[in-house]
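Undergrad: Chains as they are written, first to last, in my numbering: chain A, 14 to 380; chain B, 1246 to 1558.
Read the hints as simulated data drawn from the structure, not as lab findings. By construction, the Cβ of each residue, glycine as well, lies at the ideal position given by its N, Cα and C atoms. Any given hint could turn out to be false.
Which bits of chain A does chain B cover? Going by a derived footprint, with three or more residues having C-beta under 8 Å, they are [as the list claims (entries may be wrong)]:
| no. | segment |
| --- | --- |
| 1 | 90-99 |
| 2 | 108-118 |
| 3 | 241-248 |
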Amino acid sequence: MAQVTLRKIVKEYEGGVQAVKGIDLDIADHEFVVLVGPSGCGKSTTLRMIAGLEEITSGDIAIGGALVNDIPPRDRDIAMVFQNYALYPHMTVYDNMAFGLMLRKFDKGEIRRRVENAARILDIGMLLDRKPKALSGGQRQRVAMGRAIVRDPKVFLFDEPLSNLDAKLRVQMRTEIKKVHQTVKTTTVYVTHDQIEAMTLADRVVVMNHGVIEQVGPPQELYHHPATKFVAGFIGSPAMNFIPVRLEQGGAALNLELPGGIVLPVPADRTRRYTPHIGRELLFGLRPEHLTEVRPNDHRENMAVFEAVPEVVEPMGMETLLHFWMEGAEICARIDPATPAEPGRGLPLAADMNQMHLIDPKTDRVL
Amino acid sequence: MAADGTLAAGAPRTAGHGRATTLERFARRRSTIAFMMTLPLILVVAGLVAYPAGYGMYLSTLNRRMTENIGFGNFEILFDSDTFWNVAWQSCIFAITAVVLKALIGFWLAHMLHDIPAKGQRKWRGMLLIPWVIPPALSTLGWWWMFDPSYGSINWLFSVVGGPQIPWLGEPWWARASIIIVNVWYGAPFFMIMYLAALKSVPDQLYEAAAIDGATGLQRLRYVTLPMMANIISITVLFSLIVTFANYDIVRVLTNGGPRDLTHVFASYAFQVGILSGNIPRGAAVSLFMFPILAICAFFVLRGVTRRNKEQM
Ligand SMILES: Nc1ncnc2c1ncn2[C@@H]1O[C@H](COP(=O)(O)OP(=O)(O)OP(=O)(O)O)[C@@H](O)[C@H]1O
Ligand SMILES: [Mg+2]
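Here chain A stands alone, though its shape is the one from the complex:
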């Protein structure tokens, strides 16, 4: 029983900066929720309010059904992993992990059993007698996680735990965290600004921007059905292309008129949805992976082909990125590396219109 509930949480720092502007969030028992968003959007502040390290200006936080607004961190039964690990430098790895249990007056045998169990899960059994100074970044990270695991708390809180690690280790530890969560199943709130981390780890992703929640949902839903322009642009890498278009009636179907005279047909199943917006200037969103080379024998429906002249060609190995400009909008396409492409020479590209998004530029909401 450890759901976490946030109701109308507001955080205003001294000087009137509103870091969090009234967010509502329900986290289920055993759930792995990732808060993601650009720097300064209030992720850490939200997490620290759940931890009790930061006072809330208004609103309610409940952990496991009990209101914790005025309960100090030590009585909230949570564990937190910090970005720079915050291990006690004067204690051995064992003591670092045992500290919380010792303060809670667990008996020696139980402490030993728990620490050794956590050490086994994290594979740090041979490090127990060392001081943090003698550990590598990845090992410190594991110890920090071990310190959280031994406590067997109601909730794990992670604040960018992997951002001090190098790229390779980060991927490895990401898997490790996922594995640990599958083993212990503790409710987890995880903060990161890395959307790939968010997508790979989360049961549900919370996208934040400027102190508000833009959208909450499982990773696939955010990817396929972003609710706002911000989410559409934030999730996915390289980011979604946005092209200013005009929506026009073309017989029974609808057409998008792109700058440069290109006309793309809108799939028939979207006609109903978009009809109210005919004649408006809108923003057309399409992910680079849905803008590809023209494949022979491609029988998918609603593929629209047009000619583009790439200005930059970036071979990535497993794919090649093309960049071109359309009336000021930079467009990125992902093509098969076998397709010949060079800067300045036009080639036909296929847009998968089934994956298109239309955004109302006035509200920034996806239509």
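Go by the hints and put chain B with the ligands onto chain A.
TA: Okay, now just chain B with the ligands, sitting in the frame of chain A:
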């Protein structure tokens, strides 16, 4: 050590005439350079510390008129003198009590300051440092006036609130306490500033981690702050112990050793015996006693510091 080798091996080959002379190689050695660069300091230490210390040892073996060498004669006389043992006893009590009080008060002040937001903190820090920057001979004179039993402000304040009238400098135990009070007043800001720096260097996240781990404020102090500050604390205590043990001006100005030579410490007694009574060799012998006591303290404190340094950081 590796750099030693590279320097010695790499440099000569480019020297043009094939093989460098031994002298050249010697001059290029890293240890030689290091020695040359610390030479000025070594000279200063030798001239202002080693030479006087050696000369002091030599002096302590002479007779009163400094005409003949009497070996350990001065020390034997001192060992037989009650006054000397009083001085030794008083020095130890004075130094230990004063240092402990300074450390506690400094620690407390540092904590108070640390909790004040940055803007007000500078103002308070500046004010609290004032006792430490006034020349102690002058401030002690001020205290001497305040301690005056009939005209001093302290007893006057006591009389206003109906407290007792205290013979501050006239009664041995009160005189000892007065000396300690003044020394603590003068020295606590030094501890405060050292501890404040140490407190600032403890990352906030350690406290947050401890708070989440379940530590109360007191437990955070015991398990995080104190261990993290252990080195600063022991070095500051050692340093202060040396300075306090060798304190001269406060005793000299406040009580001049009285009443009945009961508040003398080594330094003021050495001055009394050596300069005022004109027995320079015996004065030197008195002052030499500070050395072994402090050396033992320094040995243990510094050993602890080295050990902790190796383990942490
Ligand atoms: N102690 C503070 N006092 C005043 N403003 C603060 C304080 N801490 C954070 N802020 C402000 O609150 C906003 C949100 O900060 P927060 O640390 O939650 O961002 P974040 O989403 O975690 O960003 P990052 O990814 O860079 O860690 C920022 O605009 C920041 O400047
Ligand atoms: Mg943050």
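Undergrad: Hint by hint, which ones does the structure fall short of?
TA: 3
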